[in-house]
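**Student:** Sequence:
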Amino acid sequence: MTDTALYDIPGPRARRRHLLYGLGATVVILGIIAWVLYLLFDTHQFTAEKWRPFVYEGIQEMLLRGLGNTLKAFAYAAVLSLALGGLLAAGRLSDHRILRWISTLFVEFFRAMPVLVMIFFVFVALKVQPLPALVTGLTLYNGSVLAEVFRSGVNSVDRGQREAAYALGMRKTQVMSHVLVPQALRAMLPTIISQLVVALKDTSLGFLITYEEFLHAGKLIASNLDYGLPFIPVVMIISPIYIGMCMLLSWLATWVAKRQRRSPKTEAVEVAPAEPGTLLPGAGQIHP
Numbered sequence: 024m025t026d027t028a029l030y031d032i033p034g035p036r037a038r039r040r041h042l043l044y045g046l047g048a049t050v051v052i053l054g055i056i057a058w059v060l061y062l063l064f065d066t067h068q069f070t071a072e073k074w075r076p077f078v079y080e081g082i083q084e085m086l087l088r089g090l091g092n093t094l095k096a097f098a099y100a101a102v103l104s105l106a107l108g109g110l111l112a113a114g115r116l117s118d119h120r121i122l123r124w125i126s127t128l129f130v131e132f133f134r135a136m137p138v139l140v141m142i143f144f145v146f147v148a149l150k151v152q153p154l155p156a157l158v159t160g161l162t163l164y165n166g167s168v169l170a171e172v173f174r175s176g177v178n179s180v181d182r183g184q185r186e187a188a189y190a191l192g193m194r195k196t197q198v199m200s201h202v203l204v205p206q207a208l209r210a211m212l213p214t215i216i217s218q219l220v221v222a223l224k225d226t227s228l229g230f231l232i233t234y235e236e237f238l239h240a241g242k243l244i245a246s247n248l249d250y251g252l253p254f255i256p257v258v259m260i261i262s263p264i265y266i267g268m269c270m271l272l273s274w275l276a277t278w279v280a281k282r283q284r285r286s287p288k289t290e291a292v293e294v295a296p297a298e299p300g301t302l303l304p305g306a307g308q309i310h311p
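The opening position of the sequence shown corresponds to residue 24 in our numbering, with each subsequent residue numbered one higher.
Computed cross-link-like contacts, DSSO-like style, restricted to lysine-lysine with a CA-CA straight-line distance of at most 30 Å:
id, residue 1, residue 2
1, Lys224, Lys73
2, Lys150, Lys95
3, Lys242, Lys224
4, Lys95, Lys224
5, Lys73, Lys242
6, Lys95, Lys242
7, Lys242, Lys150
8, Lys281, Lys224
Here are the simulated distance ranges between beta carbons:
id, residue 1, residue 2, range
9, Gly91, Ile125, 36 to 42 Å
10, Phe132, Leu231, 21 to 27 Å
11, Val140, Ala37, 52 to 58 Å
12, Asn178, Phe77, 46 to 52 Å
13, Arg39, Tyr79, 54 to 60 Å
14, Phe77, Phe144, 32 to 38 Å
Hints are computed from structural coordinates only; laboratory data are not their basis. None of the values given here were measured: they were computed from a predicted structure. We put the beta carbon where it would ideally sit given N, CA and C, even for glycine.
Can you make the complete structure from the sequences, with help from the hints?
**Tutor:** Given below as structure tokens:
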């Protein structure tokens with residue numbers, strides 16, 4: 024039996040044409056890379072003077088301290104955003120109209136407000152220290168977004184699950200905690216992790232309010248005249264670390280999504296084959 028396809032199998036001429044397209048794209052990409060490397064060498068970005076700062080222990084400690092501050096701000100913002108998102112989602116799903124209105128107004132306002140504006144407002148107007156100001160801005164924005172994720176996830180659960188739980192005499196709190204939220208969590212988890220990636224990237228806004236995070240440490244090194252303003256080397260050191268942390272969270276979200284697609288909601292139950300002796304009471308008795 025021959026295999027079938029949803030498209031015509033390319034013939035010899037089409038395969039040669041596709042090969043030429045691939046080779047052409049490869050040549051263009053390699054040309055762009057070569058051009059960028061030429062510019063870097065032409066502007067003396069790989070000279071020993073510009074890379075000398077990274078061998079000093081003080082510079083390494085500054086970068087590690089900045090990375091630690093970035094992870095600390097992200098940890099605070101992630102935990103508080105999840106808590107705030109859950110609280111606002113509960114308010115939006117409440118039976119009380121006033122709570123729904125207040126929660127909706129809060130979510131829509133802070134979800135539409137730029138993160139940088141909130142951070143500056145807390146830092147300048149309220150005169151809060153850099154770390155709390157950064158965490159507050161990230162929490163208000165990401166918590167509002169996560170509230171919509173939680174609310175949509177709970178509402179996506181089949182309505183019959185809710186009705187069946189109420190029919191058993193369960194209260195709304197029990198229905199939410201034991202029936203709806205556990206089922207919705209499977210669908211929400213990839214989106215939650217993706218939003219945490221956004222929170223991790225937005226921690227770089229802390230350098231604008233003099234918070235000594237990873238990007239702030241790189242800025243101090245790049246603006247040092249003693250090392251010939253090593254801006255490009257700093258970017259080449261900091262960027263892969265930022266990208267690696269974001270890719271790690273993105274990979275986690277992708278892995279969770281694939282795992283959820285592979286995992287069936289219910290597992291098949293093996294049924295033992297029927298045997299001659301397994302009869303219902305009274306079965307097999309023939310009365311004249």
